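Trainee: Sequence:
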Amino acid sequence: KQSLVHDFAWFANPDFIVKLDSLTLPSGRTIQTSVFHLAKNAGIWTNSQEYLKKAILFHSAQAGEYPYNHVSVVEGKQGFSGGMEYPTITILDGAYDEKSLEGLIVHEVCHNWYYGILASNERDHPWMDEGLNTYFDNRYATPSNTREQEMEQLLYKTIASIHRDQPISTSADKQYKWNYQAITYY
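Going by the working numbering, the sequence shown opens with residue 886, and the numbers climb by one from there.
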């Protein structure tokens, strides 16, 4: 049970491998951490609890302490590679190695602050959720993701050079296809 959330989701699969643990935050408050994944990807998910805890501690230090009592990460099919967030729980698909899984966990857990706590509307102001998440992804990963940041800049500069860039305040439904990635995230 969790009070003061504006959205929820739940997932069930009899084949889940369940990893339950807890994390004591710097304030001394303890939260429950849960990971649910499938056996076929067990190797990639070996350190998933560590990634989850590290993400919570990192984002708590950057943006204020995690306010919920529980955090969960779930492996599941979505029809796309990446994650989908809800307060206290996120579903992930498409991790191909441990590094990509850690990146997905860090990014999706961050949504608890901007989409979850602040309740930003990703349709009206997508940068307020995804853009802030990408900013913190880069702080978490620096300096190891310099190449990725260069590619992000190349994408944006290419779009701007052909005069197809749009203001950061453009709603998601009015953005050109490539701008959603270039402007919203980067």
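Simulated from the structure, these hints should not be mistaken for lab results.
Owing to the predicted nature of the structure, the values given are computational and were not obtained by experimental measurement.
Each hint should be verified, as a subset may be incorrect.
With a cut-off of at most 30 Å between alpha-carbon atoms, the simulated DSBU-like pairs for lysine-lysine come out as follows [said to hold, decoys possible]:
1. LYS925 x LYS938
2. LYS904 x LYS925
3. LYS984 x LYS962
4. LYS984 x LYS1042
5. LYS984 x LYS938
6. LYS962 x LYS939
7. LYS939 x LYS925
8. LYS886 x LYS904
9. LYS962 x LYS1042
10. LYS925 x LYS984
11. LYS1042 x LYS1059
12. LYS1062 x LYS1042
13. LYS938 x LYS962
14. LYS904 x LYS984
15. LYS925 x LYS962
16. LYS904 x LYS962
17. LYS904 x LYS938
18. LYS939 x LYS984
19. LYS939 x LYS904
20. LYS984 x LYS1059
21. LYS886 x LYS939
Trainee: Each of the hints needs a verdict: does it hold here or not?
Mentor: To see whether the hints hold, each was checked on the structure:
Distance restraint check for LYS925 and LYS938: the Cα-Cα separation of roughly 23 Å lies within the 30 Å cut-off, and the hinted pair is therefore satisfied. Between the alpha carbons of LYS904 and LYS925 the distance comes to roughly 15 Å, so the proposed pair stays at or under 30 Å and holds. At most 30 Å may separate the alpha-carbon atoms for a hinted pair to count; LYS984 and LYS962 meet this at roughly 19 Å. The suggested pairing of LYS984 with LYS1042 holds, with an alpha-carbon distance near 27 Å, which does not exceed 30 Å.
With a C-alpha separation of about 15 Å, the suggested pair LYS984 and LYS938 falls inside the 30 Å cut-off, and the hint holds. A hinted pair counts as satisfied when its Cα atoms are at most 30 Å apart, and LYS962 with LYS939 qualifies at roughly 24 Å. For the proposed pair LYS939 and LYS925, the alpha carbon gap of about 24 Å is at most 30 Å, so the pair holds. As the CA atoms of LYS886 and LYS904 are separated by approximately 19 Å, the hinted pair is consistent with the 30 Å bound.
About 33 Å separates the Cα atoms of LYS962 and LYS1042, which puts this hinted pair outside 30 Å; it is violated. A hinted pair counts as satisfied when its Cα atoms are at most 30 Å apart, and LYS925 with LYS984 qualifies at roughly 17 Å. A threshold of 30 Å between alpha carbons decides the hint, and for LYS1042 with LYS1059 the separation of about 20 Å falls inside it, so the pair holds. In summary, the hint linking LYS1062 to LYS1042 is supported, as the alpha carbons are separated by about 15 Å, within the 30 Å threshold.
Of the pairs offered as hints, the one joining LYS938 and LYS962 holds, with about 23 Å between alpha carbons and a cut-off of 30 Å not exceeded. The straight-line distance between the Cα atoms of LYS904 and LYS984 is roughly 19 Å, inside the 30 Å bound, and the hint therefore holds. Distance check on the hinted pair: LYS925 and LYS962 sit about 13 Å apart at the alpha-carbon level, within 30 Å; holds. Between LYS904 and LYS962 the alpha-carbon distance is near 19 Å, which keeps this suggested pair within the 30 Å criterion.
Taking the CA atoms of LYS904 and LYS938, the gap is about 12 Å. The hint holds against a cut of 30 Å. With a CA separation close to 13 Å, the supplied pair LYS939 and LYS984 stays within the 30 Å bound. Annotation: proposed proximity of LYS939 to LYS904 holds, straight-line Cα distance about 16 Å (limit 30 Å). This hinted pair does not check out: LYS984 and LYS1059 have alpha carbons roughly 33 Å apart, beyond 30 Å.
Between the alpha carbons of LYS886 and LYS939 the distance comes to roughly 23 Å, so the proposed pair stays at or under 30 Å and holds.
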